[in-house]
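Protein chains in written order, with numbering that gives the first Met the number 0: chain V, 0 to 783; chain E, 0 to 234.
Think of the hints as simulated: they come from the structure by calculation, not from any bench. Any given hint could be a false lead.
Straight-line distance between alpha carbons at most 25 Å, and here's what the computed SDA-like set of lysine to any residue pairs gives [said to hold, decoys possible]:
#1 V:K315 - V:A363
#2 V:K780 - E:S59
#3 V:K695 - E:E79
#4 E:K119 - V:A418
#5 V:K119 - V:D189
#6 V:K780 - E:I13
#7 E:K1 - E:Y83
#8 V:K695 - E:L82
#9 V:K780 - E:E79
#10 V:K695 - E:A75
#11 V:K7 - E:D77
#12 V:K551 - V:E184
#13 V:K551 - V:L724
#14 V:K629 - V:I593
#15 V:K119 - V:F352
#16 V:K64 - V:Q234
#17 V:K780 - E:Y83
#18 V:K64 - V:D214
If you anchor each label on the Cβ, the simulated ranges turn out as follows [as the list claims (entries may be wrong)]:
#19 E:Y14 - V:A649: 37 to 45 Å
#20 E:A218 - V:R768: 20 to 28 Å
#21 E:I200 - V:R6: 38 to 46 Å
#22 V:F732 - E:G17: 55 to 63 Å
We put the CB at the ideal spot given by N, CA and C, even for glycine.
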Amino acid sequence: MVSALDRKLLRDCWRLGGQIITIALVMASGIAVFISALAAYHSLQTSQERFYEEGRFADVFLRLKRAPLPVADRIAEIPGIAQYDVRLVFDVIIDLPGVSLPLSGRMVGLPADGRLQINKLHLMAGRMIGADRLDEVLVTQGFAEGNALRPGDMVSALLNGRKQRFQIVGVVASPEYVFSVAPGEALPDDKRYGVFYVAHDALAHAFAMEGAFNDVVATYSPGANARSVEAALDQLFARWGGLVAHGRGQQPSHRQLMDEVRQQGTMATTIPPVFLLVSAFLLRVVMGRLVASQREQIATLKALGYGSEISWHFAKFAAIVVTLGAVVGVVLGIMTGQAILATYRPFFRFPEFTYDVRLWTPLAATALAFASGVGGALAAVREVGRLRPAEAMRPPAPPAYTSRDPRFWHAVPARWMMAIRGVMAHPLRAGLTLGGIVTAAPLILLSIFWTDALNNMIDVQLAATDRSDAVLAFVEPLPPRVTDEVRRLPGVIFAEPIRTTPVRLRVATQSYETGVLGISREQQLRRVLDEHLAPIDIKSDGLLMSRRLSEKLGLRSGDEVDVEFLEGRRLRRETVLAGTVNDLIGVSAYADRIWLDRFLQEDRRVSAVLVRLDSAQTEDFYAAVKRTPKIATVSFTARSMRNFRETTGAVVLLMAGFFTLFAITIAFGVVYNSARIAYHEHALELATLRILGLTKLETARLLFAEIVIEIALAIPIGLVLGRSLVRLLLLAFETEMFEIPAAIGPASYVLTALSVLVATIASMIAIGRQLWRFDLVSVLKTRA
Amino acid sequence: MKPLVFAAHSLSKIYHVGSVEIAALRELDLNIFEGEFIVLLGPSGSGKSTLLNILGGLDSATSGAAAWRDHNLVAASDEELTLYRRQHVGFVFQSYNLIPSLTARENVALVTDIAERPMKPEDALSRVGLDARMDHFPSQLSGGEQQRVAIARAIAKRPDVLLCDEPTGALDSRTGVTVLAALDEVNRAFGTTTIVITHNIAIAAMADRVMHMADGQVARVDENKQRARPEDIRW
Ligand SMILES: Nc1ncnc2c1ncn2[C@@H]1O[C@H](COP(=O)(O)OP(=O)(O)OP(=O)(O)O)[C@@H](O)[C@H]1O
Ligand SMILES: [Mg+2]
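Bound conformation, chain V alone:
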């Protein structure tokens, strides 16, 4: 048996359905973001932890030139090392039957018995390499999927200039290459890059590395001191051409994973509060209005002997909104989380990517929703409790209207005075509405600017920086005449050398390993640009740095930097920071090529050559690359850009789409509620005006005047605020390796304003329809 009071509750809910639904949707959006971001966070984390554990992911990594195998025994003597593997690792050109494009691959040699101590492989299909089989290969999952390869298929690799055929026997996943990108690229391209495992001897024979290794990975024993282990490894391998030993923090796959996890954490903690605050605010306004309009009913009920039931009655109203929001939000969140995970799959190659929604996240989300519901409803419910029947029987004290208006207002028609005084008598309410819309606009902008940012990144920044068609990187630095050799390859119109060398930068107690890119002032294909995309004049001495790097090291132009060159004789030099570079992806240092050569006290060397291609001869160029020894990797700029757009672009746009929907929900929720409240508040007055002979259009204009003025004010404020918020958000999302330009195109501003306008117009139509159907007689009878 439903009590009379509960019947009233149901009828109120039915009557205020539009408002309940919009508030619940705003709340649901916040909860959905919270749950989905945390689900992504936990899924990444869990999958990572499991795989690292199962595969014994290394703690420390070191590349070197060449060390004899017996040296490896000395690794065991370093205190703090638990297990280690030494191996051969080479970047090579891969040739797939039927694919003209030269592909890039990383070849990793497996120990003689095929068993890895650490960074163990997880077999996804097929089998491991047989003992003494020099012609078998394992490929990583991504590459196999990207090129539809199965055990039994053949693949060729260009090993030190000689083409060698391997048979694929298995497909694997490695904790070391969960996220795997070709050297010099930002994003995985499964069609074009993969990691390959072959027998140690297969590589040793091809590269004349018998009895030697060039790569060390190791795990720490419990309580090991990372710094001293790294230092000991450095010292041990310095004379074998060792680069610097580094921890997981600089391991590309791990770093990318951690960045992603952190970003989802940022998402879960920054965005939902905004949504929940907005919904609390809406609830507050709507319930305030509900109580105000039912004062007399409340008084009557109290006079009839009802007590706290009435407060409960209104609390239940809030509970219905929150419950609806929480249920929809949890379902939506779980689904959105799955969608996010699906977009992650091609990027992060775990043997098992498990969807991990922790039970506490929907519980916490629901609790947060209830907290915001309590926040929104408390004032109204307390007001109900405080109302004394006698007092409530009288209509509320009217606001103190004043007629001491400025003179010129006398020219204003009386019906407009009504609207103006309405706003002036309720400045708080008008301000809150304004605030609500002001929040909605930035949220929309925040969602749709991503497309601009992406386009800016690809079309403007990257295109202006790298104007080559392809980049050929060599196994090791070569004499300058290699540029001429490349120039002679078919299809090459123009070729330009660059020099890169690994360095360790030291400032006070901090150090950072990165690469220096040596380019010349006249460089055409690879340029260094400032934030206005103007080429930076490369000073004849000193170092330029990525802005993010200089900030990380706390450096300003003119400050001293200690540079250690990690190749060869490990020279150490003092130099100054000559300026910062506005590059978006990666962290590097830049220097004049001639200056760099002088600094390194060596003959001119070339690490890579950038080329412009004749598009009619690309196939010939591809074929030539496959025949050319010494090329370690080849990348195609346009292809990378396309890949970037298709992969990250798709993810970003999907997320942006979700958010735009959520943001428009907010805009609609706020505007609809404001208009609806204004309508309720003025229903009797509007009816009176209609009786006096005002037309429907005239009354609609009056009703919507307030909201139109508020929108007109709120949109510009919202856009300006939005721009600042975009900057702030990008700062929060900025990682060491990656930065998104705060480029907002005019179209995005227009689109944002339009979305708010459309939300407004939709709300007006929804309410206008009621105005149109106004039953004058019944309004007179009920005196709302």
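Model the placement of chain E with the ligands on the given structure of chain V, informed by the hints.
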């Protein structure tokens, strides 16, 4: 013989509540002539308000005919009814329906802003004896004063008809008289056809004719030889 202004023939208004039919007006016939002061009496639920609302263009009938001069009030569209109210009708209700955020003068100006040949708001207010209270908000006025503002608002456009639904219902006898006096004044000065609904039989004395309603019909019409002056009415 004065011209006929309101004519209703066989006028019915049926409400459907669930499966039940409630006839608020059943086949009602009525004639009202220009400048007449009519008082409508009748038990609660007899259809007085319904009739008044239809004559005022606020509501539409279910069947039958009703016209004000050459305006057909039954077949009229919403827009036509709005225009009819705007140009010809003044309303006064038991609840004064003033806009709380507007002063007395501005409440009247609401109508004069849109009317074709209005009085000045000040003149309308002065006619109901409120010269001194023009710039006061409704919350600063007594019930009787508020009702007089409502009358001023209703007459400011020089309406052809003035329709009043229990204008004194919420007022005491003395205050009620001032309101009635204002109505009487307007009726005499401008020849405005006036219909007043009341439960107060005493008021019937000031009418030209008194119509008694029962069961959705005009059951009886009494004609007063002599209209009583409002000041002489007591209850
Ligand atoms: N919206 C409605 N739905 C159903 N019935 C209605 C509606 N409005 C009025 N009625 C019915 O129509 C009849 C006439 O109502 P009306 O308001 O005209 O009476 P009245 O004579 O003005 O009464 P009172 O003197 O009490 O104001 C009543 O029986 C009433 O119940
Ligand atoms: Mg009535």
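Just to be careful, I want the Cα atoms of K695 (chain V) and A75 (chain E) compared with a cutoff of 25 Å; is the pair within it? The hint holds at about 16 Å.
Is K64 (chain V) within 25 Å of Q234 (chain V), Cα to Cα? holds (14 Å)
Taking 38 to 46 Å as the stated bounds, is the beta-carbon spacing between I200 (chain E) and R6 (chain V) within them? Holds: the Cβ-Cβ distance is about 41 Å, inside 38 to 46 Å.
Pairwise hint evaluation, S59 (chain E) against K780 (chain V), where the allowed Cα distance is 25 Å at most: The hint holds at about 16 Å.
Would you mind confirming whether the straight-line C-alpha gap from K7 (chain V) to D77 (chain E) stays at or under 25 Å? Measuring from Cα to Cα gives roughly 33 Å; hence the hint is violated.
Hint check: K695 (chain V) vs L82 (chain E), CA-CA at most 25 Å. Holds or violated? holds (11 Å)
Is the Cα-Cα distance between K780 (chain V) and I13 (chain E) 25 Å or less? Holds. K780 (chain V) to I13 (chain E) sits at ~17 Å (cutoff 25 Å).
Just to be careful, I want the Cα atoms of K119 (chain E) and A418 (chain V) compared with a cutoff of 25 Å; is the pair within it? holds (22 Å)
Hinted pair, alpha-carbon criterion (25 Å max): K780 (chain V), Y83 (chain E). Please report holds or violated. holds (22 Å)
For the pair supplied as a hint, K551 (chain V) and L724 (chain V), confirm whether the alpha-carbon distance does not exceed 25 Å. holds (23 Å)
Outcome for the supplied range 20 to 28 Å, where the beta carbon pair is A218 (chain E) and R768 (chain V): Violated, at about 41 Å.
Restraint status (C-alpha distance of K64 (chain V) to D214 (chain V) at most 25 Å): holds (8 Å)
The structure shown violates the earlier hints numbered 11, 19, 20.
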